[in-house]
Amino acid sequence: MKEESAATVNYLNCDYSIRSWLLTVDHKRIGIMYLLAVTVFFLIGGIMATLFRFELSTAAGDLVTAETYNKLFTLHGVVMVFFFLIPSVPAVLGNFVLPLAIGAKDVAFPKLNLLSWYVFMIGGGITLFVALTGGLDTGWTFYTPYSSTYATTDVLSAAIGVFITGFSSILTGLNFLVTIHKMRAPGMTWMRMPLFVWALYATSLIMVLATPVLAITVALLAVERATGIGIFDPALGGDPVLFQHMFWFYSHPAVYIMILPSMGVISELVATFCRRRIFGYSFVAASSIAIAVIGFFVWGHHLFLSTQSVYAGMVFSFLSFLVAVPSAVKTFNWTATMYKSSVSWQSPMLYVMGFMGLFLVGGLTGVVLATLGLDVHMHDTYFVVAHFHYIMVGGVLMGYLGGLHYWWPKITGRMYSEAWAKVSALLVFVGFNLTFMPQFILGYLGMPRRYYAYPPEWQTLNVLSSAGASVLGVGYLIPVIYLLWSLRHGKPAPANPWGGKGLEWTIASPPTPHNFEKPVIVTEGAYAYGEGGHGHG
Amino acid sequence: MNHHIVPLKIYFAIFAALMAGTALTVWAAFQDFGEFNTLVAVVIAVVKAALVVLFFMHVKYSDKLIWVFASAGFIWLIILFAFTLMDPMTRDWLPVGAPLPM
Numbered sequence: 000m001k002e003e004s005a006a007t008v009n010y011l012n013c014d015y016s017i018r019s020w021l022l023t024v025d026h027k028r029i030g031i032m033y034l035l036a037v038t039v040f041f042l043i044g045g046i047m048a049t050l051f052r053f054e055l056s057t058a059a060g061d062l063v064t065a066e067t068y069n070k071l072f073t074l075h076g077v078v079m080v081f082f083f084l085i086p087s088v089p090a091v092l093g094n095f096v097l098p099l100a101i102g103a104k105d106v107a108f109p110k111l112n113l114l115s116w117y118v119f120m121i122g123g124g125i126t127l128f129v130a131l132t133g134g135l136d137t138g139w140t141f142y143t144p145y146s147s148t149y150a151t152t153d154v155l156s157a158a159i160g161v162f163i164t165g166f167s168s169i170l171t172g173l174n175f176l177v178t179i180h181k182m183r184a185p186g187m188t189w190m191r192m193p194l195f196v197w198a199l200y201a202t203s204l205i206m207v208l209a210t211p212v213l214a215i216t217v218a219l220l221a222v223e224r225a226t227g228i229g230i231f232d233p234a235l236g237g238d239p240v241l242f243q244h245m246f247w248f249y250s251h252p253a254v255y256i257m258i259l260p261s262m263g264v265i266s267e268l269v270a271t272f273c274r275r276r277i278f279g280y281s282f283v284a285a286s287s288i289a290i291a292v293i294g295f296f297v298w299g300h301h302l303f304l305s306t307q308s309v310y311a312g313m314v315f316s317f318l319s320f321l322v323a324v325p326s327a328v329k330t331f332n333w334t335a336t337m338y339k340s341s342v343s344w345q346s347p348m349l350y351v352m353g354f355m356g357l358f359l360v361g362g363l364t365g366v367v368l369a370t371l372g373l374d375v376h377m378h379d380t381y382f383v384v385a386h387f388h389y390i391m392v393g394g395v396l397m398g399y400l401g402g403l404h405y406w407w408p409k410i411t412g413r414m415y416s417e418a419w420a421k422v423s424a425l426l427v428f429v430g431f432n433l434t435f436m437p438q439f440i441l442g443y444l445g446m447p448r449r450y451y452a453y454p455p456e457w458q459t460l461n462v463l464s465s466a467g468a469s470v471l472g473v474g475y476l477i478p479v480i481y482l483l484w485s486l487r488h489g490k491p492a493p494a495n496p497w498g499g500k501g502l503e504w505t506i507a508s509p510p511t512p513h514n515f516e517k518p519v520i521v522t523e524g525a526y527a528y529g530e531g532g533h534g535h536g
Numbered sequence: 000m001n002h003h004i005v006p007l008k009i010y011f012a013i014f015a016a017l018m019a020g021t022a023l024t025v026w027a028a029f030q031d032f033g034e035f036n037t038l039v040a041v042v043i044a045v046v047k048a049a050l051v052v053l054f055f056m057h058v059k060y061s062d063k064l065i066w067v068f069a070s071a072g073f074i075w076l077i078i079l080f081a082f083t084l085m086d087p088m089t090r091d092w093l094p095v096g097a098p099l100p101m
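Just so you know, the protein sequences line up as chains U and P, in that order.
The first sequence lines up with residues 0 to 536 when you count with numbering that gives the first Met the number 0.
The second sequence lines up with residues 0 to 101 when you count with numbering that gives the first Met the number 0.
Rather than coming from a laboratory, the hints here were simulated on the basis of the structure.
It cannot be assumed that every hint is accurate.
[What the hints assert, rightly or not] In silico DSSO-like links for lysine-lysine, alpha-carbon gap of 27 Å or less:
id	chain 1	residue 1	chain 2	residue 2
1	P	Lys47	P	Lys59
2	U	Lys181	P	Lys47
3	P	Lys63	U	Lys181
Take these sequences, add in the hints, and give me the full structure.
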């Protein structure tokens, strides 16, 4: 391993002024600005969750009123989905790593990249303004006719906030697509690309093709609310189920915007910590594209009980099963890569194991919910809440934290405490299961979601869930402390602390402002660990 | 990078076609084509959009990659329309004023 001199100019020490950050077009700095922003949003969403888990510790609605409870879970959902989960991996890790991974000096449109951050912040600011000026109580799904006709909260402002944020997502997706098509280093063919890049490509396709429909949907909602033109309100000649179709045309693929980049991170980590090329590389790459495309044909499984026709329900149910195939391709191939390899159990790899366990449970319960007959029983219960948290929080956050730990030495030039990182990975895994496993049982027993009070016989399971949320909260808080601590006290990171084979590990930690000092020429595929799979970088 | 220069007369011709399309849309709005009312409006809109994409946005003169992405936008629009319409077209609609099924 090559040790780099700490005295060299890098992207962090080249200019310390605030202006140099606010006007930066460096993809690495923009990645860090996203990191700060999404961490704040995660904290806000987490505070909302803490408050309503406190409320649910007792059967009676005794801490907050029903109206406040509605506002808490709505803001939790809106903030976590639109301002944390969707941007977390692509905008933070994707922005930082993508150009490095393909041997480029930056993304294709650096100024557009900065614009997307500002657009994101404006959209987030407007939505938080709604939280401060009375809140929003529609649920993150904004279902009509409640949102368009009956809600007395500021739906219009929240819709504008989400509408604006969508453009940030579109700009990032567009930027990544062009970057991957046009900026790859000579020799970096499609089948030599790291799987994280394949995953970002698939994610960007969804961002560009689906997000405009969300923008149109919330714009139509705002038009109906502001002008009274009938689009979704039956009294005016509209159709409320049309809103659900349009909303889920975006919002179901949006789940893949969240999980696909995390899957890409997992591929990188499995290859590095098993010292092996990913088993079935081309199938894992193709499965990302397959998930992105098939993900557009399944949205109707959210509408089984919304007067959608039985025929449409059957078609969407069948198509939903198909998504399990490429997802399973990934899981089996990661497992096959690990089989008989010399796994290095460093902290990012613990997050990989967490991801695999939680994603497996989330994915399999998704197949249960996609089954038309079973969903009649499970619909809108805590079973659904548990299922999507296993995917969107268990899966996505494990991948995000694993990736953040993996690339942290590259991002900051510092190593963190490996022992604390392992403790945190364990706490997150245990806390997560304790929080959401009881919710599967509660849902199966019939506890509906979005209620602030419940029959006393469900209190034990709810207390277990709230206790788990406390453990989970500590598990999330510890990394904030030791990662910040590492900035000042951590050991200087070598260029390649994990023995990775990606191009990002061939340059200094932290990288210089323009990444690569010499032209990059790629001569071998990703994860070239040599024959036998036990080579070390 | 594409540097094809489009003669001004093509821009004016497309502009005239778009204006004619707008006039056609207004005319069609006052005609009763029965169940084809929506279809007629959508067809006119798609033709107009295609003219904008092909000529004003230069896709006609661009390489195949641009064609793939521009076509993807239309294909995904068809997915949205087709799979959404699959629902209302196969629902058991009750006639207005009919008694609710027991």
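Results for each hint:
no. : hint                  : verdict
1   : P:Lys47 with P:Lys59  : 15 Å, holds
2   : U:Lys181 with P:Lys47 : 31 Å, violated
3   : P:Lys63 with U:Lys181 : 14 Å, holds
Comparing the model with each numbered hint stated earlier shows that hint 2 is the single one that does not hold.
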